[in-house]
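Colleague: Chain by chain, the residues run as shown.
Protein chains: 2
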Amino acid sequence: MPQSAHINRQILLASRPVGAPTEANFKIVESEVPKPGPGQMLLRNLWMSLDPYMRGRMSDAKSYAEPVPVGGVMTAGTVARVMESNLEGYQPGDLVMAYTGGWQDYTLSDGSMVFKQNPDMKRPSQAVGVLGMPGFTGYMGLMDIGQPKAGETVVVAAATGPVGAVVGQVAKLQGCRVVGIAGGAEKCGYAEAELGFDACLDHKRDDLAERLAAACPDGIDVYFENVGGKVFDAVMPLLNAHARVPVCGLISQYNATSLPNGPDRMPLLMRLLLSQRIRMQGFIIFDNYGPRYPEFLEVMTPWVDAGKVKVKEDVVEGLENAPQAFMGLLEGRNFGKLVVHIAD
Amino acid sequence: MPQSAHINRQILLASRPVGAPTEANFKIVESEVPKPGPGQMLLRNLWMSLDPYMRGRMSDAKSYAEPVPVGGVMTAGTVARVMESNLEGYQPGDLVMAYTGGWQDYTLSDGSMVFKQNPDMKRPSQAVGVLGMPGFTGYMGLMDIGQPKAGETVVVAAATGPVGAVVGQVAKLQGCRVVGIAGGAEKCGYAEAELGFDACLDHKRDDLAERLAAACPDGIDVYFENVGGKVFDAVMPLLNAHARVPVCGLISQYNATSLPNGPDRMPLLMRLLLSQRIRMQGFIIFDNYGPRYPEFLEVMTPWVDAGKVKVKEDVVEGLENAPQAFMGLLEGRNFGKLVVHIAD
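The listed protein sequences derive, respectively, from chains B and E. As numbered in UniProt numbering, residues 1 to 344 make up the first sequence, in order. As numbered in UniProt numbering, residues 1 to 344 make up the second sequence, in order.
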């Protein structure tokens, strides 16, 4: 099913996954390209973002956002071109980022959660990456909750992903010691050699706790949490007094179907927060920080343009390959920001 | 062993408790009243505070403060009169609060962690209560971390204790709905009738989770954590988006010798923080907020004088009765701020 100017391919949630998603949870369908009604515009999606949060939308567990209904189009942010517009302020040819563009070729939009982009931007896919939700997430979580100070130690996992890479590079720009955690020697080498991390540890090797302790001789002042699980277990004993733990994601838990075996360490965590006077805070980027998006862009855009914040993309060609790519994302198989190239 | 002008009674940590402290963990000894050397003063302790944090100092588990050594004098804040002084700025007759006065009749001090009190204060014991560490703890934890807004729901346990009573009354002064939790009908009745709480639930009765849900129809915006355990279990499902949880103490856990059985709910707590965007932050009052003590006193003193913040003390007569009273405190047998009256 190639792309077409007349056919709208859509990837639907066919059923809710139990544990890791499989091909059977997705269904691709075709229909005619819709016509925009009054107050609507038609968007042609060019780039689509794949992000861990989408796993949560596939479940109907209580969460901050409504789940995707079974039979509904999978949710995604896209970079899109306006094809037709009955909406004031938008013209055919405009480049936009649509926060709810979805896993599809074409999207009808009333303009809500749509952000105009500079039509001359060098790399439009960055509007869903370093200059979009993932970059904004890393930047605000680090700066507003993490509050890093020069000389402090910052630890971040998924270090070569679009959030972790921003966290680590921005922390370096603040004068921090930065220790990353990533899966495999290639990612770790990239984090150290290209992103400038002081160290990056391979979580697939043994003895993560011991290696992390050795890499953080002065303990940990900021742990940017995006994975949970065994990485957090290794971090806990190293957290310094007054440490800050922004909780952005818990990708290691998303496919879990039950809680781990005991003992119940919840009291242990609370006691740690108390005795070390730790601030731990969850956040959802546009919910907590939406109005500060322009401020973020003003800081990050020149950093990216000047190469102070480097960007690595993992490009998947073709909308039809999104399900496989998304399953790989949850297992850490991507290397860099995962984007799907839908059309030019 | 009555008090004496020549004998200094001291209560020592005889051994470290396993689980709940017993009489055997304490030892009372007598010695001569010490003479202050150069740069020292001799304090006569009049009132001594008993607080849950002292349980932590009896253990040698890693914590924010050094443990009391076995054979050392138990730690406590006291209100004291200066008897002799070789220390500039202090005169015999001065009234002070000594943060490390200890479980003893007399204390040698070099003036560190000593705060002068108004000699005309109506009720000197309040310097270790509503106007001292517990009141300061409740006020700052609520206002700085909890950040209550008018119309929000604030929940606090140990509601008639010196911290909880301040939290609830100050939250009422901010226009919040306040739900307390306490042990027994008498304490709950007092919290509602005298302290002005909107509701107070008896945790000794069944179905705490259901009763708390009924008392918080709009959910919980601020939970001031000072007990942990089953109260927190009841609070968790009611926490609203953007709730704040200052963690001040975990008295229900202090005598625990092992973690509860599984499953391991630590991932559940982290997921809750993320999905509800909750801020959870431990604090130790003088460590986090020491410089703001004068600011607190300026606000709280007129509230207490005007009866806007009411105070209930549970007075134990005689230093020798401190161990029993402390054991009772850990089981919630006190009613109001527990203070030991040592001398006039």
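One should not assume that every hint holds.
Here are the computed lysine to aspartate or glutamate pairs in the EDC-like style, where the Cα-Cα straight-line distance is at most 20 Å [as the list claims (entries may be wrong)]:
(1) E:62 <-> B:192
(2) E:62 <-> B:287
(3) E:149 <-> B:287
(4) B:149 <-> E:320
(5) B:62 <-> E:218
Selected chain B positions facing chain E (in silico; Cβ < 10 Å) [stated by the list, open to error]:
(6) 242
(7) 265
(8) 270
(9) 277
(10) 311
(11) 315
(12) 317
Just so you know, the hints here were simulated from the structure itself, not pulled from any lab data. In this text the structure is predicted, and so the values were computed from the model without any measurement. Virtual Cβ for every residue (Gly too), placed ideally from N, Cα, C.
Colleague: Check each numbered hint from earlier against the structure, then list the numbers of those it violates in ascending order.
Modeller: 1, 2, 4, 10, 11 and 12
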